[in-house]
Structure formats: C-alpha cells, structure tokens
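Colleague: Model the placement of chains V and R on the given structure of chain Y, informed by the hints.
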Amino acid sequence: MIVEHAFLVGFSKSFGLFYLIALSIAVVIYAMWPSNKKRFDDAAQSIFHDEGGPCR
Amino acid sequence: MIAQLTLIERQRAIAICIAVAVGGALIMLGGRDDVMGIHGALIFVAGMLMIFRIGMSYYAPEPSEDRLTRYYDDPSRAGIVLAMIWVVFALAVGDWVAWQLVEPNLTFGPAWSSFGRLRPVHTTGVIFGFGGNALIATSFYVVQRTSRARLPDQVTPWFVLLGYNLFCLLAVTGYLMGITQSKEYAEPEWYVDLWLVVVWVIYFVLYLRTLARRKEPHIYVSNWYYMAFILVVAILHIVNNLAVPISLTSAKSYSAFAGVQDAMTEWWYGHNAVAFFLTAGFLGMMYYYLPIRAGRPIYSYRMSIISFWGITFFYMWAGSHHLHYTALPQWVQTLGMTFSLMLLIPSWGSAGNLLLTLNGAWDKVRDDATLRFMMVAAVFYGLTTFEGSFMAIRSVNSLSHYTDWTVGHVHAGALGWVAMITFGAIYASVPWLWKREQMYSPRLVEVHFWLALSGTVIYVFSMWNSGIVQGLMWRTYNEGGTLAFSFIDTLVAMHPYYIARAVGGLFFLIGGCVGAYNVWMTILQPGAAASQAGDVPQPPPASGVLQPAE
Amino acid sequence: MSIFGFHYRMESKAIGLTIGIIVVASIGGLVEIAPLFTIHQTVEDAPDMRVYTPLELAGRNIYIREGCYACHSQMIRTLRDDVDRYGPYSLAVESKYDHPMLWGSKRTGPDLARIGEKYSDQWHVAHLNNPRDVVPVSVMPAYNWLMTTELRTSDLGLHLKAQRAVGVPYTDDMIANAAQDAFAQANPDSPLADGVTKRYGKATTMRSFDGKPSVLTEMDALVAYLQILGRLTEAAHKPVAQAEAAK
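Protein chains in written order, with this note's numbering: chain Y, 6 to 61; chain V, 21 to 570; chain R, 94 to 340.
Simulated from the structure, these hints should not be mistaken for laboratory data. Heads up, some of the hints might be wrong.
[Said to hold, decoys possible] Calculated lysine-lysine pairs in the DSBU-like style (CA-CA distance at most 35 Å, straight line): (1) K254/R with K295/R; (2) K42/Y with K235/V; (3) K295/R with K305/R; (4) K331/R with K211/R; (5) K331/R with K18/Y; (6) K254/R with K291/R; (7) K199/R with K254/R; (8) K43/Y with K106/R; (9) K42/Y with K106/R; (10) K106/R with K211/R; (11) K235/V with K384/V; (12) K291/R with K211/R; (13) K199/R with K305/R; (14) K43/Y with K455/V; (15) K254/R with K211/R; (16) K199/R with K18/Y; (17) K331/R with K254/R; (18) K331/R with K199/R; (19) K384/V with K42/Y; (20) K455/V with K106/R; (21) K18/Y with K106/R; (22) K106/R with K235/V; (23) K43/Y with K235/V; (24) K384/V with K455/V; (25) K291/R with K331/R; (26) K18/Y with K384/V; (27) K295/R with K331/R.
[To be verified] Pairwise CB distance ranges, derived in the manner of DEER restraints: (28) A296/R with Q350/V: 53 to 61 Å; (29) D383/V with G57/Y: 25 to 33 Å; (30) K43/Y with M68/V: 40 to 48 Å; (31) I508/V with P281/R: 30 to 38 Å; (32) R44/Y with L375/V: 57 to 65 Å; (33) I543/V with K43/Y: 37 to 45 Å; (34) G57/Y with I105/V: 26 to 34 Å; (35) K43/Y with G113/R: 21 to 29 Å; (36) E85/V with R44/Y: 54 to 62 Å.
[Unchecked claim] Stretches of chain R that chain V covers, calculated by requiring three or more beta carbons in the stretch to come under 8 Å of a beta carbon on chain V: (37) 252-259; (38) 291-305; (39) 317-329.
Glycine is no exception: its CB is placed at the ideal position from the N, C-alpha and C atoms.
Only chain Y is shown next, with the shape it has when bound in the complex:
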C-alpha cells in the first residue's frame, strides 16, 4: 500500500489545527468548570496536612 505523501502532509496541516483548538477548549472548560472549583481549591490545600503518616 502506498500512502500518498501529499495526503499525509495535508492531513497533518489540517487535522493538527482542529485538534489544537478542540483540545485547548476542552482543557480550559475542564479547568474553569464552576463545580470543579471546590475540588481544585481543596487539592491546592491538601499538601499542607499530610504529616500524620499514610492512611494505608
């Protein structure tokens, strides 16, 4: 099977752009989603109360 070089290049150039935009939007939505805020704030604080030893 011969894959056309021009096809692969074209695919790279076009698909790459859409992929970039879609992924950026998805990440920003995930990070900014209001109901995630509490989880993230808790996570940021979580490293300060750890020295009790492992839970398991």
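Modeller: Here is chains V and R on its own, set in the frame of chain Y:
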C-alpha cells in the same frame, strides 16, 4: 536499610539480584571478545555486591508492623545521596571539558579523556545521574504525601532506584570505552536501553500502584507532572532507540532510522527529553516543594492544570526547530517554530503561577536561601522558555544555531532552572527525611546559593557573547563579496569567552561540593535514631555556625 | 463489595490520566514524523548514490565512537554563508544510508559534510595525530593512537548484515567479502583490490590512507571515511537537483 525489609522481601530482593548477576555473567561470557564483556562483568559485580549486602543483614530481626504507619522514605534518602554524588562527579567532568576547550592538552593523552568521549559523560551524568535520581527520590516522597499512601511494597522502589543507577553507570562507563549510539542524550547502546525499559516500566507501575492506594479523591497536580515525565520518557526512549544490533554478543547496533527520518526522530526525542525529563518532572517537584516551603497554596490550581495540558500537547510538535534550514521539509520546520512560540503560554503560565504563589511570602524568600533557590528557578524557567521560543524563530535560529548561544541557552535551563529547583527541593527535604530541625549549616546553603547564581550568570553571559559573536563572524562578508573571517578566526575570538565559561562552571561546581558537604554533615548530625522514633526535632549541632532566621 | 468499587474508581482515574497523557503527547510526534517516512516520493532521486565501503563504514564507526559529532556538524544549511563556506547545501538524499545520521548540533569545529578530498590524506593523518601541528590554534583533541591501533575487521560482515536489516542495499557478495574488501581498499596493489571496485564501483577511492600499506589501522578507516564525505553522490552539485530541492 535492609532491616526495614521483611524476610520475604529480603528473599525477593536476593532473587532479583541473582537474576541480575546471572544476566551479567551471560553478557560477560557472550561478549568476551567485545567491550560489551566488560559491561557484563560490571553488571555481575553489581549483582553480587547487592547479594552480599542483603545477605549480611539477612538474619537481622524483621521490622515491626508499625512501619506501615510511616511513609517509606529509605529509597528517597538513598536517591538524594546518589543525586549529590552524581552532581559533583558530572559537574567536575563538565568543567574539565570546558577547560579542554581553553587548553586542548588537558586531555593528557589517553583516548577516554578526549572531549568527544567525556561530553556525554557530563550530559548523562547531570541529566540522568543527578536529575534522574533527584526526580525518582522526590517522586517517591511526593506521591506518598499527596496520596496519604505508603509505597505498596519495599522491594520495587529499591529496584527502580538501584536499577536506574546501574543504567547510568553502564552508560557513563560505556562512553569512556567508546560504546555509544551517537544519538545526543540517548547515547547508551541497545542492551543498556533495554535494561532502562525494564526499570522504567516497573517505575511506572509502582507509581500507579501507589496512586491506587490513595485516600484523597483528587490526584494532586505534582503527580500529573511526574506521571507525564515517566510515561512520555518511556515512549520517547523506546521509539528513538529502535536499532538492530550486529549480534547479540556485540555492543554495536545500527539505528532503525536513517538520514532525515533519523534527524527528526532524534530531535523529537531530544526536545521532548527537555520537555518531559527536564521540565515536566521538575515542575512536579516545584508544584509540591515551593508551596510547602513558602507555606502558601499554589496561586492558581486551575492555571497549573491548563499549563500541564499545554506542555504535554505543545512540546511534542516543537522538536523540528532544531533542524531549521536543513534538509528537513520546510513545512515541518514551520510547524515546529509555530508550536515553539505557542509553548510560551503554558511555560509562562507555570512560571507566573509559581512566582505569584510567593506573593505575601517575599520576606521568607529574603531570609531563606532554600526558598530563594526555588524562586530563582522559577525566574530562570520563565527566562529560558522565552529564550527558547525566541531561538526557535527561523531567522534568529539562522544566527544562533551551531553556536555557543545554544549551549548558553541549555545551561540557563539546566543550571538556572533544573539544578536550582533540585537543590531547593533537596535542601527542603533532607531535614524532613532525616528528621533534623534544619540543615547542618544554613550559612553554607546561603554560600551555595550565591555560588550557583553567580556561576550560572557568568556561564550564560559568556556563552551568549561567544555565540552571537561567532554567529555574526560566520556571516560577515567583505566588500568584495567574500567571507570576511575563516573558521579559525572565529575560534580565536572564542578563547576569552571559553575561559569565562569555565570559570563560571567552576563556581557552580564548588557550589555543588559545598551542597554535598552540607547534606552529608546533616546526615551525620546526632539524632539518626530519631528517624525510627518519630518526629521529635533534634537540637541544632553545637558547631558554632551562625544561624540566620529560618 | 464497596471496597472493590472504591478501588476501581480510584484506579480508573489514574489510568484515565495515563491514557490522556499518552494520546495527547503522541499525536504531535506522529503527525510530524509519519509524513517523513513517505518523503522519498518527493525527494530527488540519486541513482549514482553508492553505499559506504566496509572500510568507510568502519571509519564512520570510529567517528561515532570518538564523539566527533559533538563538535562537527554534517549539514550545510540553505544559508548563503553556509554555502559559501562549506559548499552546496546538503540534500536529504545524501544521508539516506546514514544509520544513524550525523547532522550534529554544534560547530565547535567546522562542518564536515563536504570535507571529502578537500585535503590530502597526509594532511588528515598529521591533523588527527596532533591538530596543532597543522592548525596551531586548534582546540581539537589529538587522536594519536589511531595510527597505532589495528582496525578490527573480523566482524565487518556482521556490520553490513545489520545495515542491510535496516535498509541499506548491501549484497550477499559485499557481506561475504567485507573483511577482505576493507583490507584491499587500503592496499590497492593487493590482488584483492579488483573485488572492491567490482562491488563498490570504479570511483571507489583505493589507496593507503595512512601511508603504511603493511597494516590496516584505525587511521586508514577514519581518513577513508572523511575522504568520502559529500562524495557518495553528485546530486547536490547538479543544478537540476538544486532547483528540485529548492521548490
């Protein structure tokens, strides 16, 4: 340390060491007509030494059950000590080769000490020996704390740490004997690469097993970075090192790729080794140690997540900026350049986030050299990523490429960012790990900080100068339309900068030695038994050293 | 059962993260690199391109072993001053048999892509033996042991075989005679010399590179390699090819 292992764990450890020793013996016999045989002997000896070490403590009483109420930190302690050994060794080699460019007779004659063989010893020593050990040690530390979970067993972390150091040792001794694939930052030959794959897969599984034990529902962002580091390095390593050995008893192999494909694969690897080994891993370190040391949570946790995906995504495309104006198709070069510029967003997101975290804690930055190491690391991270994006622009690259500017850029990142955050993390975690109130001498931490900072600045400035001067000289034309300078002319012009560079490197090396001494003396301080007893802080040593406010 | 459910939820999250990282990170590399494996469809062909002789390949391995690539590039960029200084810019086809490529990343010394036959064998031997004998301000290390170290030829057949496995068109004949071809290339008066030209072409450089025909040294191999650099094909010197590549 062996006494912390249960009997069954001791047996498992011995079984693993026997397997390693047998493997070494096979390589030794099979490769006896080749330099590979020497490596076999080395592996065999390493395996036997470990068997004896475990055997000596084999009948020591088993640890009590209450070990499970504490984190398992022995591998982290060993990893930090190994990192300090590697950094002193590798910085010394680096400075030696820097002086060789000033006075070439400093090779003293033998084949193993020429620049071409020592250079990968330096790069592997600092990146994998120092950086890798620090990453493994801190990742074990951080994943346990952030997950509230103990490492799932006590043999695997040792296998990862010691197996990894065996990899580094084989790599470095191999270069001295002339065993190399010539792929930059991936020089070890096929059998050493295979060993690293084994170690790395086990490392990754260990990380997942620890995370699976966690109580916190959310995985703290440091672990994201550490996981990206482990995973992507595995992908990069396996793909870039695909090769066919000439026989199973010879060290020599030929890369599966040739020419332009090989160049693209190599720099896809090379650039992402920077991204995922030297950036993602150390950002994981930074996102844990800087907030802890500053006593303030990360400024924007959301930004850290956006930066994470940005780095994971953008970096992969940027490798081709190493190949501007070469035989690589131009559209790939342009793609690499574009993504390199976009990389600035997540990079500065991280750098800004970390610096903003320090808002309200600047008094601590002033007083605490450990925190200052981390602050300077964040600043250099911001500067270096900006410089990197700038140098990825084709027209800038036409001037900077092949010159010392690249070397300066790399060292701004490696010394200013990677080494600074690592020293910061080590100074923070050594007292915690060995249950000391503070480092043996905070004054020496201060000394180390200023040596490291001045060494970095001298190094980077001299390389900027030398690189730009050389780049401009190469492209200068006479009025008659001929080149104005021969290559040798540019070499003569480099000489003073090479001296300055070697001096800067020497500063950094002395700083590293001071750090190693300080860490060692902290470990030797009285109170070693406290590591078993609990968290009772020990009185500071009666050494008479002045102690700045902590 | 609730304990199992708890475990499962935890692990699925970590594994989800793992898969996310793999997918996001792999695509960039794939999209960039995959098209390059079809690049031969567009790159100019070079019918005159020949493979390295066993002696040149051995020399190339010494170049790799000593880390020469750390200071010398083999890639002339499409920049005016690069071309004026080093010669016609490098084409992709010229390194198609280079496993691995040695394009390099730093020019502490000059580019070597077209160094072949620019200097005499004697110059190279003297220069490698001690660079400062011919270039007083050079910072290159001396490689004086090359002259006294005999070249290992016994496994050259294996080298060619491995090269063939990764795609270099060595014939059975070449593989079977690798060791003696290496010897004969540096001993043009030996009766075996005809075999070298028969297998690798009339243009093959046949001479005692280190000036000592009696022994085959590592110096022979390295100089033979340096003298073939940029000369495996004439493609880069042809104006047509230049125009093709510039498109």
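Colleague: Could you run down the list of hints and mark each one as holding or not?
Modeller: How the hints compare with the structure:
1. K254/R with K295/R: At roughly 23 Å apart (the allowed maximum being 35 Å), K295/R and K254/R satisfy the hint.
2. K42/Y with K235/V: Holds, because 20 Å separates the two Cα atoms, which is no more than 35 Å.
3. K295/R with K305/R: Distance ~23 Å between K295/R and K305/R Cα, so the pair holds.
4. K331/R with K211/R: Cα-Cα ~19 Å, so holds.
5. K331/R with K18/Y: Distance of about 31 Å is within 35 Å: holds.
6. K254/R with K291/R: With Cα atoms ~19 Å apart, K254/R and K291/R stay inside 35 Å; holds.
7. K199/R with K254/R: Distance of about 32 Å is within 35 Å: holds.
8. K43/Y with K106/R: Holds. K43/Y to K106/R sits at ~18 Å (cutoff 35 Å).
9. K42/Y with K106/R: Measuring from Cα to Cα gives roughly 18 Å; hence the hint holds.
10. K106/R with K211/R: violated, 62 Å
11. K235/V with K384/V: holds, 32 Å
12. K291/R with K211/R: holds, 26 Å
13. K199/R with K305/R: Given that 35 Å is the threshold and the Cα spacing comes to 33 Å, the pair holds.
14. K43/Y with K455/V: Holds, because 34 Å separates the two Cα atoms, which is no more than 35 Å.
15. K254/R with K211/R: holds, 31 Å
16. K199/R with K18/Y: Answer holds: K199/R to K18/Y is near 30 Å, not above 35 Å.
17. K331/R with K254/R: Between K331/R and K254/R the Cα gap is close to 32 Å, so the pair holds against 35 Å.
18. K331/R with K199/R: holds, 28 Å
19. K384/V with K42/Y: This hinted pair holds, its Cα atoms lying about 29 Å apart.
20. K455/V with K106/R: Answer holds: K455/V to K106/R is near 34 Å, not above 35 Å.
21. K18/Y with K106/R: holds, 33 Å
22. K106/R with K235/V: holds, 13 Å
23. K43/Y with K235/V: holds, 17 Å
24. K384/V with K455/V: holds, 22 Å
25. K291/R with K331/R: It holds: about 26 Å lies between the C-alpha atoms, which stays within 35 Å.
26. K18/Y with K384/V: With a Cα-Cα distance of about 49 Å, the restraint between K18/Y and K384/V is violated, given a limit of 35 Å.
27. K295/R with K331/R: Holds - the C-alpha atoms of K331/R and K295/R are around 21 Å apart, at most 35 Å.
28. A296/R with Q350/V: 53 to 61 Å: The hint (53 to 61 Å, Cβ to Cβ) is violated, given that A296/R and Q350/V are roughly 33 Å apart.
29. D383/V with G57/Y: 25 to 33 Å: Cβ of D383/V to Cβ of G57/Y: about 29 Å, so the range 25 to 33 Å holds.
30. K43/Y with M68/V: 40 to 48 Å: violated, 55 Å
31. I508/V with P281/R: 30 to 38 Å: Hint holds: Cβ distance 34 Å, inside 30 to 38 Å.
32. R44/Y with L375/V: 57 to 65 Å: Roughly 25 Å apart at Cβ, these two residues miss the hinted range, so it is violated.
33. I543/V with K43/Y: 37 to 45 Å: holds, 41 Å
34. G57/Y with I105/V: 26 to 34 Å: Once the Cβ atoms are compared, 33 Å apart, the range 26 to 34 Å for I105/V and G57/Y holds.
35. K43/Y with G113/R: 21 to 29 Å: holds, 22 Å
36. E85/V with R44/Y: 54 to 62 Å: violated, 34 Å
37. 252-259: holds (count 6)
38. 291-305: With 0 residues in contact (Cβ-Cβ under 8 Å with chain V), the coverage given for the stretch 291-305 of chain R is violated.
39. 317-329: violated (count 0)
Violated hints, in rising order: 10, 26, 28, 30, 32, 36, 38 and 39; the structure is consistent with all others.
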